[in-house]
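Number of protein chains: 2
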Amino acid sequence: MRIVTSVAAMQRLAMEWNRRGVRAGLVPTMGYLHEGHMSLLRKARERVGNRGVVVASIYVNPTQFAPTEDLAHYPRDLARDKKLCRDAGVDVVFVPGDHQMYPSRHGAEFSTYVVEETLSRGMEGVSRPTHFRGVATAVAKLFNIIRPEVAVFGAKDFQQAAIVKRMARDLNFPVKIIVAPTVREADGLALSSRNRYLSAEERRQAVALWQGIQLARQTVRTSTRPIPASRLNSELKWLIETRPAARVDYIEFFDPETLQPVAKVQRGAQIALAVFVGKTRLIDNARI
Amino acid sequence: MRIVTSVAAMQRLAMEWNRRGVRAGLVPTMGYLHEGHMSLLRKARERVGNRGVVVASIYVNPTQFAPTEDLAHYPRDLARDKKLCRDAGVDVVFVPGDHQMYPSRHGAEFSTYVVEETLSRGMEGVSRPTHFRGVATAVAKLFNIIRPEVAVFGAKDFQQAAIVKRMARDLNFPVKIIVAPTVREADGLALSSRNRYLSAEERRQAVALWQGIQLARQTVRTSTRPIPASRLNSELKWLIETRPAARVDYIEFFDPETLQPVAKVQRGAQIALAVFVGKTRLIDNARI
Numbered sequence: 109m110r111i112v113t114s115v116a117a118m119q120r121l122a123m124e125w126n127r128r129g130v131r132a133g134l135v136p137t138m139g140y141l142h143e144g145h146m147s148l149l150r151k152a153r154e155r156v157g158n159r160g161v162v163v164a165s166i167y168v169n170p171t172q173f174a175p176t177e178d179l180a181h182y183p184r185d186l187a188r189d190k191k192l193c194r195d196a197g198v199d200v201v202f203v204p205g206d207h208q209m210y211p212s213r214h215g216a217e218f219s220t221y222v223v224e225e226t227l228s229r230g231m232e233g234v235s236r237p238t239h240f241r242g243v244a245t246a247v248a249k250l251f252n253i254i255r256p257e258v259a260v261f262g263a264k265d266f267q268q269a270a271i272v273k274r275m276a277r278d279l280n281f282p283v284k285i286i287v288a289p290t291v292r293e294a295d296g297l298a299l300s301s302r303n304r305y306l307s308a309e310e311r312r313q314a315v316a317l318w319q320g321i322q323l324a325r326q327t328v329r330t331s332t333r334p335i336p337a338s339r340l341n342s343e344l345k346w347l348i349e350t351r352p353a354a355r356v357d358y359i360e361f362f363d364p365e366t367l368q369p370v371a372k373v374q375r376g377a378q379i380a381l382a383v384f385v386g387k388t389r390l391i392d393n394a395r396i
Numbered sequence: 109m110r111i112v113t114s115v116a117a118m119q120r121l122a123m124e125w126n127r128r129g130v131r132a133g134l135v136p137t138m139g140y141l142h143e144g145h146m147s148l149l150r151k152a153r154e155r156v157g158n159r160g161v162v163v164a165s166i167y168v169n170p171t172q173f174a175p176t177e178d179l180a181h182y183p184r185d186l187a188r189d190k191k192l193c194r195d196a197g198v199d200v201v202f203v204p205g206d207h208q209m210y211p212s213r214h215g216a217e218f219s220t221y222v223v224e225e226t227l228s229r230g231m232e233g234v235s236r237p238t239h240f241r242g243v244a245t246a247v248a249k250l251f252n253i254i255r256p257e258v259a260v261f262g263a264k265d266f267q268q269a270a271i272v273k274r275m276a277r278d279l280n281f282p283v284k285i286i287v288a289p290t291v292r293e294a295d296g297l298a299l300s301s302r303n304r305y306l307s308a309e310e311r312r313q314a315v316a317l318w319q320g321i322q323l324a325r326q327t328v329r330t331s332t333r334p335i336p337a338s339r340l341n342s343e344l345k346w347l348i349e350t351r352p353a354a355r356v357d358y359i360e361f362f363d364p365e366t367l368q369p370v371a372k373v374q375r376g377a378q379i380a381l382a383v384f385v386g387k388t389r390l391i392d393n394a395r396i
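So the protein lines, in turn, are chains A and B.
So the first sequence is residues 109 to 396, counted in my numbering.
So the second sequence is residues 109 to 396, counted in my numbering.
Be careful, since some hints might not be right.
Stated by the list, open to error - Which stretches of chain B does chain A cover? Using the computed rule of at least three CB atoms under 8 angstroms from a CB of chain A, they are:
1) 118-129
2) 213-227
3) 240-252
4) 278-292
Claimed, not checked - One-sided and incomplete, this derived list gives chain A residues near chain B with beta-carbon spacing under 10 angstroms:
5) Thr113
6) Val115
7) Arg127
8) Asp206
9) Ser219
10) Thr226
11) Ala244
12) Ala248
13) Lys249
14) Asn280
15) Gln319
16) Ile335
17) Thr366
As the list claims (entries may be wrong) - Pair ranges (Cβ atoms, derived):
18) B:Lys191 / A:Gly215: 39 to 45 angstroms
19) A:Pro211 / B:Lys372: 27 to 33 angstroms
20) A:Arg131 / B:Gly205: 30 to 36 angstroms
21) A:Gln374 / B:Ala116: 31 to 37 angstroms
22) B:Glu365 / A:Asp295: 37 to 43 angstroms
23) B:Ala116 / A:Asp195: 37 to 43 angstroms
24) A:Arg339 / B:Leu186: 42 to 48 angstroms
25) B:Glu217 / A:Ala117: 36 to 42 angstroms
Bear in mind the hints are in silico, worked out from the structure with no lab data behind them.
All C-beta atoms, glycine included, are put in the ideal place defined by N, C-alpha and C.
If we strip away everything but chain A, and leave its shape as in the complex, we get (with noise of 0.2 angstroms):
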């Protein structure tokens, strides 16, 4: 397994990859790998084959964090995210400094970001107002370095694979866009690097998300008629905030596809949802 840390590297090795016709399969992600990434090298390997190339990065990308935000304290551990890596057969490892990803020449600073502007503006586009346009520029750099066949990310971020999809059209990237499923818990909790900010009793409380989701889909499951969302909105909240460290961002029922919000939950609709449990953040989302 190789390390690569610069992006002049990286990009020569791309280069050569795509004039020897190797195909390559990429994971983007910001470390701290839990089984959920794990499953998300799997699926890049089943596609590129034995005779392609898995390439995992691994890059907390500040243009996705407020200010506010945990970027200083997001969890990192390199060590066990190579071992990981190593583990799970992945062939390189792409680990940029911000130097690297966004340098910064005095009178030529870094100033050029992609922009999805419909996707982006609901859930947490609304909670967080630049964080998909640090994710699509971030994920276009990495597009632009790796030159991947097929990239994959995870179910859990379901609006940030709704827009990577949308901007690999758009600007015509030729690369394949794989959503994986959201790997949980035995108790149903969607893993994330963020659990690990949980105390014990919080992260109790936290399966409150997917409690959540299992009432709306029993509610609307077991309807003769479609549910208002208001509604259902109502009982989901009622429902996760009886956990004292639970305090619900936003839940929401909208179109998988145009990310438009319903007023009237049937099957095959989407819920995503967001709740602090404590201080810590974590989403969810699941197909009605």
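Following the hints, position chain B against chain A.
Here is chain B on its own, set in the frame of chain A:
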């Protein structure tokens, strides 16, 4: 010479070149080609050699025109353009339709833009607020569709060339950006497809831009000390507007790297100006 009208076909061709190690040089144009474009095509050929391929794209990109601008009337003559390309030894002319470049499926409209936020602010960015967003987006698309090793832009659009260079650097496009000198008529008027809008009398008066540039050069070069930009600006405006059809939109003196205005003008500064001659808006620029 091959004419390609679909994005998918162009991208397949580009991928094949990548695999075969064929170097591609791109000259993005809006068609209605003139000797300025021919010089860009020659430069592209120089860079990729006879075993490389030169691609001319011809596309009047709607996203870089404001609703009030001349999109509908922008001059077009595809038959003549093709002949000029063939004579210039172009290998592929890429002529996509709007439905190819900005496909619009209901509920999934085009929504991703590339935005440069520093160099775009002044000059053309003031007069044409969404212009460079459109340019950067279209150029990013062309880079992803054609995957050139080099792309050649004309120095006449100085700010555009600076923004494209910045975009390529910031988003890590593996494309070398070449800027080729402005080609001029015998009296100094910079070649532009928009010159065809000029009446015979306006055409005579249009030389005012070049005369203004020469006055600025002469004033600065014969002075022992830097000249206040505001004074030079007034003098040039006066000179240019002695022509009855000419009205100055802006005249700016700036650092050619950062595009930041300079208060005092000396050798090495850049001048750029935009002047309406009748209803036609012309631009020009030069190193002082």
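For each hint, the structure was consulted:
{"no.": "1", "hint": "118-129", "in the structure": "holds (count 5)"}
{"no.": "2", "hint": "213-227", "in the structure": "holds (count 13)"}
{"no.": "3", "hint": "240-252", "in the structure": "holds (count 5)"}
{"no.": "4", "hint": "278-292", "in the structure": "holds (count 5)"}
{"no.": "5", "hint": "Thr113", "in the structure": "violated (15 angstroms)"}
{"no.": "6", "hint": "Val115", "in the structure": "holds (6 angstroms)"}
{"no.": "7", "hint": "Arg127", "in the structure": "holds (5 angstroms)"}
{"no.": "8", "hint": "Asp206", "in the structure": "violated (14 angstroms)"}
{"no.": "9", "hint": "Ser219", "in the structure": "holds (4 angstroms)"}
{"no.": "10", "hint": "Thr226", "in the structure": "holds (4 angstroms)"}
{"no.": "11", "hint": "Ala244", "in the structure": "holds (7 angstroms)"}
{"no.": "12", "hint": "Ala248", "in the structure": "holds (5 angstroms)"}
{"no.": "13", "hint": "Lys249", "in the structure": "holds (5 angstroms)"}
{"no.": "14", "hint": "Asn280", "in the structure": "holds (4 angstroms)"}
{"no.": "15", "hint": "Gln319", "in the structure": "violated (31 angstroms)"}
{"no.": "16", "hint": "Ile335", "in the structure": "violated (23 angstroms)"}
{"no.": "17", "hint": "Thr366", "in the structure": "holds (4 angstroms)"}
{"no.": "18", "hint": "B:Lys191 / A:Gly215: 39 to 45 angstroms", "in the structure": "holds (44 angstroms)"}
{"no.": "19", "hint": "A:Pro211 / B:Lys372: 27 to 33 angstroms", "in the structure": "holds (30 angstroms)"}
{"no.": "20", "hint": "A:Arg131 / B:Gly205: 30 to 36 angstroms", "in the structure": "holds (31 angstroms)"}
{"no.": "21", "hint": "A:Gln374 / B:Ala116: 31 to 37 angstroms", "in the structure": "holds (36 angstroms)"}
{"no.": "22", "hint": "B:Glu365 / A:Asp295: 37 to 43 angstroms", "in the structure": "violated (57 angstroms)"}
{"no.": "23", "hint": "B:Ala116 / A:Asp195: 37 to 43 angstroms", "in the structure": "holds (39 angstroms)"}
{"no.": "24", "hint": "A:Arg339 / B:Leu186: 42 to 48 angstroms", "in the structure": "violated (58 angstroms)"}
{"no.": "25", "hint": "B:Glu217 / A:Ala117: 36 to 42 angstroms", "in the structure": "holds (39 angstroms)"}
Checked against the numbered hints given earlier, this structure breaks hints 5, 8, 15, 16, 22 and 24; the rest are met.
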